[in-house]
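Asks: Residue numbers (our numbering), protein chains in the order written: chain A, 1 to 286; chain B, 1 to 286; chain C, 1 to 286; chain D, 1 to 286.
Simulated from the structure, these hints should not be mistaken for lab results.
Check the hints yourself; a few may be wrong.
No distinction is drawn between identical chains; accordingly, a pair holds when it is met within one copy or between any pair of copies.
[Said to hold, decoys possible] With a straight-line Cα cutoff of 20 Å, these simulated EDC-like cross-link-like pairs (lysine to aspartate or glutamate) come out:
id, residue 1, residue 2
1, Lys35, Glu104
2, Lys229, Glu255
3, Lys34, Glu70
4, Lys42, Asp206
5, Lys213, Asp44
6, Lys105, Glu82
7, Lys224, Glu87
Protein chains: 4
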Amino acid sequence: MIDIQNQSDGRNVPLAKVGVKGLEYPIRVLDKVKKVQYTTAKADLYADLPRHFKGAHMSRFIEIFHRYRENLSMPRFLEMLETIREELEAESAFGSLAFPYFLEKRAPVSGLPGMMSYQCRYQGRVNILKAGGSGQPVAGSRIGTDRDGLNGSGLSPYSRRFTVAVSVPVATVCPCSKAISDRGAHNQRGIVSVELEAGPFFWIEDIIELVEKAASSPVYSLIKREDEKFITEHAYDNPKFVEDLVRDVYIGIKELNFFPRFSVEAENFESIHNHNAFAYAEFGGA
Amino acid sequence: MIDIQNQSDGRNVPLAKVGVKGLEYPIRVLDKVKKVQYTTAKADLYADLPRHFKGAHMSRFIEIFHRYRENLSMPRFLEMLETIREELEAESAFGSLAFPYFLEKRAPVSGLPGMMSYQCRYQGRVNILKAGGSGQPVAGSRIGTDRDGLNGSGLSPYSRRFTVAVSVPVATVCPCSKAISDRGAHNQRGIVSVELEAGPFFWIEDIIELVEKAASSPVYSLIKREDEKFITEHAYDNPKFVEDLVRDVYIGIKELNFFPRFSVEAENFESIHNHNAFAYAEFGGA
Amino acid sequence: MIDIQNQSDGRNVPLAKVGVKGLEYPIRVLDKVKKVQYTTAKADLYADLPRHFKGAHMSRFIEIFHRYRENLSMPRFLEMLETIREELEAESAFGSLAFPYFLEKRAPVSGLPGMMSYQCRYQGRVNILKAGGSGQPVAGSRIGTDRDGLNGSGLSPYSRRFTVAVSVPVATVCPCSKAISDRGAHNQRGIVSVELEAGPFFWIEDIIELVEKAASSPVYSLIKREDEKFITEHAYDNPKFVEDLVRDVYIGIKELNFFPRFSVEAENFESIHNHNAFAYAEFGGA
Amino acid sequence: MIDIQNQSDGRNVPLAKVGVKGLEYPIRVLDKVKKVQYTTAKADLYADLPRHFKGAHMSRFIEIFHRYRENLSMPRFLEMLETIREELEAESAFGSLAFPYFLEKRAPVSGLPGMMSYQCRYQGRVNILKAGGSGQPVAGSRIGTDRDGLNGSGLSPYSRRFTVAVSVPVATVCPCSKAISDRGAHNQRGIVSVELEAGPFFWIEDIIELVEKAASSPVYSLIKREDEKFITEHAYDNPKFVEDLVRDVYIGIKELNFFPRFSVEAENFESIHNHNAFAYAEFGGA
């Protein structure tokens, strides 16, 4: 049967990314407490396509992802991208994996348990080291997938890039509203999103905890009246702008001295507007 | 050229609705202050398909909508549905038109203007009166499109149905949180959605005003600090559960004595949870 | 601590539904092949609120759902609603549970496996039988949760209602385009959504299979060229309008003689338009 | 009244972006045929916040946008960003404006007219030139808003950046499916998204036309059978992978010799899968 994709192409346009988007799959990831967590994901998987090929063999992305789906820890995700790169005979492979990550969280006073969901996303790129841009891989440049160096320390920093994004819902009380009002203060749900360029292995749980401590208050799935009283007063005593949230989370992550590059953003679903307030900072350059 | 849709069908299954969905169009609607408002809409347009036809001629929905797009007042929307029903040779036609409706609103103290957007939806059905379910229309049963009777008073109540839904973002302060806490009270943005089965003509603006008055506070696009102080204190003095919002809006609409059937729902983007609180009531039966 | 929700309310407005919306949770459901399937869900949970109560105790919905999350088979889902109704001291409880359901599907020629996801939704209502609308439950009217009667046969048909909706992506070739064109025929992805009012227990897998057989072709996650050739030719040989899809699925479900009420809809993401084609039929009345 | 935002901040964290997100507004933009087009937009507006300020005065973004809303041509959009930068006393201002853009398009054979909607987005950044990073603007560095140089040629290329993104729905026939099958070929709706870094002024209409010509076929809102036959056969005669689409649009835009940097992506809603095929290329570096 004719292989159209494999034909040569004379248009001389290399494609930075070719692949599959919006693939929905059940997956398993690591969990600090339960060892393993079952969840569901949307995956995008790409490789570059050199100028002389007409098309990519898209089914290979699915075959490879299908093999890796039951253990998508951070190192395994990168290993999967490396496999995609090799089997697609590409210089680069890219992947994005978005999934809700669940933690059981206890109410602050009653101690009652409920599940919280946090939207997470792995994003990675692996890139073979080339000699002079010829498109030919350099012998021996295969990047290790050792657990302690997710971004391939010891090799070129451009050979591999892996980031983890986590979105944490929080409660925020407006410092301005509190200061100028005789009573009350407007407050709202907000989302703090952190994107971390991974160095050594880390637990998503630890980042979530850091963000929740920086907010006026964490949010909970299940609370009783004694919890609601505690949360209301605690939040009122800790007013935060989106600007404060971003700065406090930024300082907290920087002090971990763990991530070479990261960004922090906060978005508040303002209770007094029908639009949102937003702030963003980044560390370590693009 | 062969007309497949027009062929007869032997499966003996009548289809309640056949048509087009997700058509995005620029439209014009009425505006109480400016006379005419330009906005953009998503339209769904359907007709029933009798059991003996194989398919509907879908292009006719677009042709008719294209003719009516520049004046989609409530009576004209129903007139359009009647035209669809006739040109598709159907017993019933259905339409849904969702669009943001914009109002300039002034801040409560500074008086500064900003635009607010409110999601609206017309939904309508026209149905020809049949003698004995033969599928043949009764002579003379054509329903008038007079402005003063959007739901065809004087004819069978089942001959025509038209509802208008409006979603109004508001601020709500939690009465429980206020009562049990020594200071502060959690509050959040909420959305109140009203769906009205239209009798005589009415202005969307009047419904929006009624809903905003029932909330802890309206929300605004543009406010200054003096407005923020006013809103914070006013909202704190008027705490409302979703249950209260629904009941107060329900009573307000019922007292208008204008709508034979309506429903009210409220959804709060709780600042202490990552899920929402919800309440719903309806008047006049389904 | 004061219990505001429990206070009496003088506005005389009963609320049809009060509860929580958009709760995201990991759940387990039954799986025909693997016995148990892990997935993630969005839940909405409501109860009615009699006119004389000011508010509902929303935390109870979460507590109950948290207890049931690890086994949300159809009968257990209804049992959960019954528990909500009782613990909230309500006449009715309502629940909706939306989740992707995953099946491993093999390509038609190569036999290679890939995972397919199907959006599913349970929707249920339980309602206590009242004597004269007094709001007092009738002694002994507790509805059994026996596996063989999800909608409580033997009791009033209004005492319990449970539906399962399944959305199945398919490929459809346009019969008109094929008939009038000298070569080719436009085709596209479509979604067939079936909503079934459950009688006895059934497997979602069987409904999916029935729908896929009614389409021009099923869709797959992983296919090779020999599969693509087969699918292309098979689909071209089986052209279907949205109208045909709905009718053929309707007949197939009716012949099962299993569901007292159901609806079928089909939506095609037309390859020649930027809007969709739609058809809908229902059996057994509202 | 106390001005909390204006207080000094000791945390030493500069924020790259602070502002408002998700503001929905009616706007007016230029239209090649009708001169002016009314549409609706979602706007995000940000400025940087130096390390020594506690917060931004968010209401100023709304005030400025409100003034500019009735004429948001490309040069005016940049002028608005410059005004934001000045009034917020910031070094940089950023804006994104997403809106559907509508064109009347005639069917290829019957000539019947229907409206097509194309999702568009302006994105811009203006940045004051600094002497030594002191945060003090250099005298005389104000950037002109002349129509013929949207990205401020003659000044530093980093002083201003403006891109326009346009998404064009198209029909694509799969070349592989056509080549290997005895009859038919799978095809589907796809979306080609082009992002252009603007040099001189250009019309969105011209980009849309270029993209539609590169596809297997344009899509239409309103077509009759003679059009459907033409589209089916024309598309079948012009099969295109997502890779082909991206390459042909890339070449077409490059040959305009008009845009210093641009990217092209294509996403196909594959009719044989429930996931999408994707390709991407860029010109002129990041």
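Asks: Cα distance capped at 20 Å. Does Lys42 pair with Asp206 within a copy, between copies, both, or neither?
Replies: neither (24 Å within a copy, 25 Å between copies)
Asks: Could you place Lys213 and Asp44 in one of the four classes (within, between, both, neither) given a Cα distance threshold of 20 Å?
Replies: Neither: 32 Å inside a copy, 28 Å across copies.
Asks: Cα distance capped at 20 Å. Does Lys105 pair with Glu82 within a copy, between copies, both, or neither?
Replies: Result: close neither inside a copy nor across copies, 36 Å intra and 26 Å inter.
Asks: Pop the pair Lys229 and Glu255 into one bin, within, between, both or neither, using alpha-carbon distances up to 20 Å.
Replies: Neither, since 32 Å and 37 Å both go past 20 Å.
Asks: Indicate which option fits the pair Lys34, Glu70 if close means a Cα-Cα distance not exceeding 20 Å: within, between, both or neither.
Replies: both (15 Å within a copy, 15 Å between copies)
Asks: Measure nothing new, just compare the shortest in-copy and cross-copy C-alpha distances for Lys35 and Glu104 to 20 Å and report within, between, both or neither.
Replies: within (14 Å within a copy, 25 Å between copies)
Asks: Up to 20 Å between alpha-carbons, please classify Lys224 paired with Glu87: within, between, both or neither.
Replies: Result: close only across copies, 15 Å inter versus 54 Å intra.
Of the numbered hints listed earlier, those contradicted by the structure are 2, 4, 5 and 6.
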